[in-house]
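Residue numbers (the numbering used here), protein chains in the order written: chain A, 67 to 329; chain B, 67 to 329.
Just so you know, not all the hints are guaranteed correct.
Because identical chains share one entry, a pair is satisfied inside a single copy or across any pair of copies.
Result set (DSS-like, lysine-lysine): computed pairs, CA atoms no more than 30 Å apart in a straight line [said to hold, decoys possible]:
1) K231 / K291
2) K226 / K255
3) K129 / K200
4) K230 / K291
5) K291 / K194
6) K148 / K325
7) K194 / K297
8) K231 / K255
Hint data in this document are derived by calculation from the structure and do not stem from the laboratory.
A quick note: this is a predicted structure, and the numbers were derived from the prediction, not measured.
There are 2 protein chains.
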Amino acid sequence: MIGIFDSGIGGLTVVKALQKKLFHQQLLYFGDTARTPYGSKSPETLVRYARQNTEWLLEHGAKIIVVACNSASAAATVQLRKDYPGVPIFGVITPAVEAAVTKTRNGLIGLVGTRATVSSNLYGTYAKKMSDGKVQVFANACPLLVPLVEEGWFSAGETKRIVKKYVHPLRAKNVDTLILGCTHYPLLKQIFQQKMGNQTILIDSAEELAKSVVHYLDENPDSIKKLPKKKSVFYVSDITSHFQYIAERWLGETIELHKVACA
Amino acid sequence: MIGIFDSGIGGLTVVKALQKKLFHQQLLYFGDTARTPYGSKSPETLVRYARQNTEWLLEHGAKIIVVACNSASAAATVQLRKDYPGVPIFGVITPAVEAAVTKTRNGLIGLVGTRATVSSNLYGTYAKKMSDGKVQVFANACPLLVPLVEEGWFSAGETKRIVKKYVHPLRAKNVDTLILGCTHYPLLKQIFQQKMGNQTILIDSAEELAKSVVHYLDENPDSIKKLPKKKSVFYVSDITSHFQYIAERWLGETIELHKVACA
């Protein structure tokens, strides 16, 4: 099985992208809803949570780990690869950076994400490395967007005003490509496009992550057994009716939520 | 010592109110920043967190426990009193309800709070009991206000618009008293007053909680030793520079943050 973890609900955009591309494959999802969100937490705490989530997925049959959360990817992917050397671990940052570096025309890339993601500076560091220093990344943390998305305010006037405020400094830098560096943000794609202008290339980090997992499976067809199609399985560390409502609205299907036992 | 816990930063409004009234008393604060916020989580999870936080405060010398978070008070105060029968435990709900029931003229009380607080229905149940069924509580959950306050957007246009949206259904019910049922909300007091109108009586749950603790100490002068004045002590389960910044801005003094070891 492919194991996916996220701070809570955001990683479901990755599930959706993966399900579209890997319709035969059962996914095992873990959303850490008891400790969500991750975007405001420190790297040390995120490494600890990422390890616990990875352990849980491996114990429950995952052979591949997908870190479907930018904040956790920024803080913990490198450490997870050290801790679990035999396990393919996919983070959300590298695929998005690759896409952005390939697509930018003027070498000026914008990044929007949580405070944890932005302050890690990883997007900028990777982009510099991949482009031999030719591109530059300008970042702005957008801490209010996760709660707005989780409230389902996808097209509220307030959301539009707040997105406009957040992208303003990036527009001023004349970026031609914008990385949506948080798995919640694909749900605000239209607003971002509108506020950045039609010419701006948007990079959906959930979509790029799904592409890179599919690419890996194509190259390594034996890494996971192809099983008869089964519904994906969803576990969370806390169940609330709001989560169930939002999850089903996003995925467009009913899901059965299971709660893991917590210490 | 008086032990205070909160999901993170919100309880600092209670600290501020207590420090004003009990300037000689050292406070021991625990903010669960590694798992914040509490307002979107289930009652079962909140009871588990409240027990862990109470244990920690008792182990570190607290003789009185103050639950400085409406969501945790709603979910766990009754259970904590059962679990720790010898320990005085103060929740934030009863004092606010008492104040509201005393002050309302038309018997129609509004409540704003997190989703966890509102769906507990505790404010309404207590208000009915205290008034022999004479008052009615109308509640609206305001999940976006905690993130707006934590961003320090105390007077942003977006915050004003969102507060207006949230209080609209309560204005329509003609409430004459509004309980600010979340320890973050005192920082938005002016906006609430403006959007509700000058005639509306606002009940600050942090302020009322502090009053009830002071009242208890007056009646039970031997419950806590009067020690030479010492600075309050602040522990959190996760340290970020943003927390430190916001905490010092709210309290108007520099604080030393300590991190507890987490499993």
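Next item on the list: Output the numbers, in ascending order, of every earlier hint that fails for this structure.
Entry: Of the numbered hints, 1, 3, 4, 5, 7 do not hold.
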